[in-house]
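Taken in order, these protein sequences are the chains called A and B.
Heads up: the first sequence begins at 1 in the numbering used here, then just goes up one per residue.
Heads up: the second sequence begins at 1 in the numbering used here, then just goes up one per residue.
Don't read these hints as lab results, they were simulated from the structure.
These figures come from a predicted structure and were not determined experimentally.
Watch out, some of these pointers could steer you wrong.
Unchecked claim - Quick look at which bits of chain B chain A covers, simulated, 3 or more residues with Cβ under 8 Å: (1) 46 to 58; (2) 149 to 159.
As the list claims (entries may be wrong) - Label-pair restraints from in silico Cβ distances: (3) B:12 / A:283: 27 to 33 Å; (4) A:387 / B:127: 38 to 44 Å; (5) B:115 / A:48: 43 to 49 Å; (6) A:334 / B:191: 52 to 58 Å; (7) B:177 / A:351: 49 to 55 Å; (8) A:387 / B:119: 37 to 43 Å; (9) B:211 / A:313: 54 to 60 Å.
Heads up, the beta-carbon is just placed ideally off N, CA and C, and yes, glycines get one too.
The lines below spell out each chain.
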Amino acid sequence: MGALVQDSPVEALLARTGAPRQTSDWGANARLAARGRLGRLGAPKRRDEYWRYTNPALLLADSAPVSERIHSDEPPVFDAVDKLLVVFVDGEYRADLSDDLTGEGLEIQTLQEALDTDIHWAANVFGVLESAGQKPVARPMAAMNTALAAQGVVIRATGKVARPVCLRYLRESDRADVMVHHVVRIEEGAQMTLLENGPAGARMNSVLEVDIADSGAFHHVRAQGRDHGRLAHSHLFARLGASSLLKSFTLTVNGKLTRNEAVVELTGDDAVAHLAGACLGDSDFQHDDTVFVTHDAQNCESRQVFKKVLKNGATGVFQGKILVQPDAQKTDGYQISQGLLLDDDSTFLAKPELEIYADDVICSHGSTCGAVDETSMFYLMSRGIPRKIAQNIMIEAFLDEAIAEIDNPELADDIRSRLSGWTERHS
Amino acid sequence: MFEIKNLKASLADEDKQILKGMNLKVGPGEVHAIMGPNGSGKSTTSYVAAGKGGYVVDEGEVLLNGENLLDMEPDERAAAGLFLAFQYPVEIPGVGNMTFLRTAVNSQRKMRGEEELNAAQFLKLVREKAKSLKIDADMLKRPVNVGFSGGEQKRNESWQMAMLEPKMCILDETDSGLDVDAMKLVAEGVNALRDGKRSFLVITHYQRLLDHIKPDVVHIMADGKIIKTGGPELALEVEHNGYADLLNEVA
Numbered sequence: 001m002g003a004l005v006q007d008s009p010v011e012a013l014l015a016r017t018g019a020p021r022q023t024s025d026w027g028a029n030a031r032l033a034a035r036g037r038l039g040r041l042g043a044p045k046r047r048d049e050y051w052r053y054t055n056p057a058l059l060l061a062d063s064a065p066v067s068e069r070i071h072s073d074e075p076p077v078f079d080a081v082d083k084l085l086v087v088f089v090d091g092e093y094r095a096d097l098s099d100d101l102t103g104e105g106l107e108i109q110t111l112q113e114a115l116d117t118d119i120h121w122a123a124n125v126f127g128v129l130e131s132a133g134q135k136p137v138a139r140p141m142a143a144m145n146t147a148l149a150a151q152g153v154v155i156r157a158t159g160k161v162a163r164p165v166c167l168r169y170l171r172e173s174d175r176a177d178v179m180v181h182h183v184v185r186i187e188e189g190a191q192m193t194l195l196e197n198g199p200a201g202a203r204m205n206s207v208l209e210v211d212i213a214d215s216g217a218f219h220h221v222r223a224q225g226r227d228h229g230r231l232a233h234s235h236l237f238a239r240l241g242a243s244s245l246l247k248s249f250t251l252t253v254n255g256k257l258t259r260n261e262a263v264v265e266l267t268g269d270d271a272v273a274h275l276a277g278a279c280l281g282d283s284d285f286q287h288d289d290t291v292f293v294t295h296d297a298q299n300c301e302s303r304q305v306f307k308k309v310l311k312n313g314a315t316g317v318f319q320g321k322i323l324v325q326p327d328a329q330k331t332d333g334y335q336i337s338q339g340l341l342l343d344d345d346s347t348f349l350a351k352p353e354l355e356i357y358a359d360d361v362i363c364s365h366g367s368t369c370g371a372v373d374e375t376s377m378f379y380l381m382s383r384g385i386p387r388k389i390a391q392n393i394m395i396e397a398f399l400d401e402a403i404a405e406i407d408n409p410e411l412a413d414d415i416r417s418r419l420s421g422w423t424e425r426h427s
Numbered sequence: 001m002f003e004i005k006n007l008k009a010s011l012a013d014e015d016k017q018i019l020k021g022m023n024l025k026v027g028p029g030e031v032h033a034i035m036g037p038n039g040s041g042k043s044t045t046s047y048v049a050a051g052k053g054g055y056v057v058d059e060g061e062v063l064l065n066g067e068n069l070l071d072m073e074p075d076e077r078a079a080a081g082l083f084l085a086f087q088y089p090v091e092i093p094g095v096g097n098m099t100f101l102r103t104a105v106n107s108q109r110k111m112r113g114e115e116e117l118n119a120a121q122f123l124k125l126v127r128e129k130a131k132s133l134k135i136d137a138d139m140l141k142r143p144v145n146v147g148f149s150g151g152e153q154k155r156n157e158s159w160q161m162a163m164l165e166p167k168m169c170i171l172d173e174t175d176s177g178l179d180v181d182a183m184k185l186v187a188e189g190v191n192a193l194r195d196g197k198r199s200f201l202v203i204t205h206y207q208r209l210l211d212h213i214k215p216d217v218v219h220i221m222a223d224g225k226i227i228k229t230g231g232p233e234l235a236l237e238v239e240h241n242g243y244a245d246l247l248n249e250v251a
C-alpha cells in the first residue's frame with residue numbers, strides 16, 4: 001500500500017466511490033489486484049506518451065463537472081430496433097425500466113450479481129483482459145474502474161443471439177459521476193450484438209471486456225449521446241480466438257471530452273477485428289481515439305477506420321497502433337484516420353504507429369486532414385444544391401466509410417439519420 | 001435566351017486573363033457548338049458561366065432569360081435553368097446517386113417556389129427518364145460516379161440533365177473518353193431532350209460529336225474569344241483543315 005500513500009492522485013481516484021461492497025473471493029481478489037495495478041501505474045499524467053494530446057486533468061478531478069442534460073423530443077438511438085433493453089440512470093442499473101434479463105442463447109446478469117456468485121464464468125474475464133491490456137501501454141483509469149465499479153452487466157452468449165442487447169444510459173442528475181464495467185463472453189460459435197446509447201453521466205468511466213472464443217462473433221455499436229458538457233472515458237478490451245470476429249463502431253456527437261480507448265488482441269488464427277468511429281464536434285470538443293491492436297496469431301485481419309468532423313475550434317485526436325508479433329505471419333492490417341476541418345480554428349492530431357516483427361504481412365495506414373473538397377462542392381451546387389446542404393452531404397459522405405463498418409443496415413441507417421440531424425443543427 | 005456579353009475572366013491565382021471579350025447568343029431551341037484548339041478558353045467559358053471558384057470575372061455578363069447569372073451562386077444558376085454537363089464528372093464516394101439527385105431536384109424546386117417531390121413522385125420520374133437513357137437501376141444505387149465507366153459517367157450526366165429539365169445546357173467536351181457507341185448513346189440522350197425550347201451549347205474538340213448532335217450554329221474560339229461563326233459546314237472545315245487556316249485568317 002506504500003505506493004498508494006505516495007501517489008496522492010491515485011488515493012483520490014480510489015476514494016471516489018468509497019469501498020466497494022463485499023463480494024465473492026474472486027471478485028474481491030480481482031478488485032484488490034486492480035487497486036494494486038493502479039497504485040503501480042499511477043494516475044495518467046500529461047507527459048505520458050499517450051496523454052500528450054489530451055489533458056487528463058478533467059478525468060482526474062475530484063468531482064464531475066456540471067453538465068446540463070440535453071432535452072430532445074427525438075427518440076433514443078436504436079429505439080426502433082427489436083432489442084433486450086437494459087437501462088441505467090445516472091450509471092445505476094434500473095430493473096424497473098429494463099426488460100427481464102433473459103434471452104435465447106444468452107445469460108445476462110448485473111455485475112454485482114456476478115461478483116456475489118462464488119463460482120462464475122466472469123472470473124476468467126473480469127479484470128483479466130483489462131490487466132492484460134495494461135502492457136505495453138498503461139491504462140490506469142481502467143484499473144481504477146475494475147477496482148471500484150459497482151455497476152454493469154455480465155453477458156454470456158452461448159448461441160446465435162438474434163436480439164441485440166441494448167444498454168441505454170439515461171441521466172437525471174447534471175453532475176453524476178458514473179463508473180460502469182461490463183463483461184462479455186462469446187462462447188465458441190456464438191454471436192451477439194451489443195448496443196450502447198447515451199452519455200451515462202456528467203462524467204463517465206467505462207470498461208467493456210469482451211472475450212470471444214473460437215468462431216464467435218461480437219458486434220458492438222455505440223452512440224455516446226448529445227450532451228455538450230459531459231466527459232466520457234471508455235475502454236474496450238477484447239481478446240479474439242481463432243476465426244472469431246469483432247466489429248465495434250462508435251458515434252460521438254458533442255461532449256466536452258471523449259477518450260475512447262480500444263485494446264484488441266488477436267490470439268487465434270484467422271480472426272478479424274474491425275474498429276471504427278465517426279465523430280462530429282463543434283466548439284468546446286476534444287475527441288480522442290486511442291487504439292492498440294496486437295496480432296499474435298496467423299492470417300488475422302484488423303481494420304481501424306476513424307473519421308472526425310471538426311469545427312469552431314474542436315480538436316480531434318487519433319493514436320492508433322498495430323503491433324504484429326513475430327509469429328503473426330500473413331497479417332492483414334489496415335488503418336485510416338481522417339479529419340475533416342470545417343474551418344481554420346479546428347485541429348486534428350494523428351499518430352499512426354506500426355510495429356511489425358513478422359516478415360510476411362500486409363500492413364497499411366493512412367492519415368489525412370483537410371477541408372471539404374471544393375471540386376465536389378461545385379459539382380453538387382451546379383446541380384442546384386445550396387452550399388450548406390452540399391457541405392452536409394459531403395460531411396455525411398466523409399463519415400460513411402466508418403459507418404459502413406456496421407454490418408446491420410438498420411443500425412447503420414439509424415446512425416446515419418443521427419448524424420444528418422447533427423449536421424442540420426450545426427450548419 | 002442565353003447570352004454571353006463581352007466576357008473577360010482571369011484565373012484567380014495567376015494574373016492571367018483567359019477569356020478576352022467573349023460574345024455569344026443562343027436562341028430558344030437552338031444548338032450551338034464551340035470548337036477551338038486547346039487552351040482557347042472553351043472549358044473556362046463553361047466554368048465561369050456555371051460559377052466554378054478560382055476565376056475572377058473582369059468584365060461582362062452571362063444572361064439567361066435576361067438575368068445575369070454572374071450575380072448568382074452556382075446553385076441559384078442551376079435553379080434559374082442552367083445545366084453544365086462536366087467533362088470529368090466528379091466521383092463522390094459515400095453519396096448515393098439517387099439521394100444526390102433527389103436533393104438536387106427538390107432544392108431547385110424549392111428555390112423556384114415549386115412543391116417538392118415526394119419519394120413516390122420522384123421514383124416515378126426516375127423510371128420515366130432512366131428508361132430512355134438506358135440507365136440501369138444499379139447505376140442509380142451506386143455512389144455518384146464512383147467506379148462508373150466513362151460512358152456511364154456521361155450517361156449519368158444526361159440522366160441528371162433529363163431529371164432537372166434545365167432551359168440551357170452546356171456540354172463540356174462530353175465526347176472525351178467515350179468510344180463511338182457510348183458517344184452515340186449520350187448523343188441520343190441529348191437529342192431526346194431537344195424540344196424546340198431548350199437550348200444547348202456543345203463544347204467539343206472534334207466534329208464527330210456534331211454528327212450525332214446536329215448544331216444550328218458553330219463558333220470557333222481562339223485565345224479567349226469567338227473568332228468565327230458559321231453553320232455546321234464550319235465544323236467540317238475544321239475537321240479537314242485543322243484550326244491553323246482559321247487562325248491565320250484572323251491574324
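Going down the list of hints, with the structure as the test:
1. 46 to 58: holds (count 4)
2. 149 to 159: It is violated, with 0 qualifying residues against the three required.
3. B:12 / A:283: 27 to 33 Å: With a Cβ separation near 31 Å, residue 12 of chain B and residue 283 of chain A satisfy 27 to 33 Å, so the hint holds.
4. A:387 / B:127: 38 to 44 Å: 31 Å, violated
5. B:115 / A:48: 43 to 49 Å: At 59 Å between Cβs, range violated.
6. A:334 / B:191: 52 to 58 Å: 47 Å, violated
7. B:177 / A:351: 49 to 55 Å: Because 41 Å falls outside the window, the suggested range is violated.
8. A:387 / B:119: 37 to 43 Å: Check failed, 25 Å falls outside 37 to 43 Å.
9. B:211 / A:313: 54 to 60 Å: Once the Cβ atoms are compared, 58 Å apart, the range 54 to 60 Å for residue 313 of chain A and residue 211 of chain B holds.
The structure fails to meet hints 2, 4, 5, 6, 7 and 8 from the earlier list, while all remaining hints are met.
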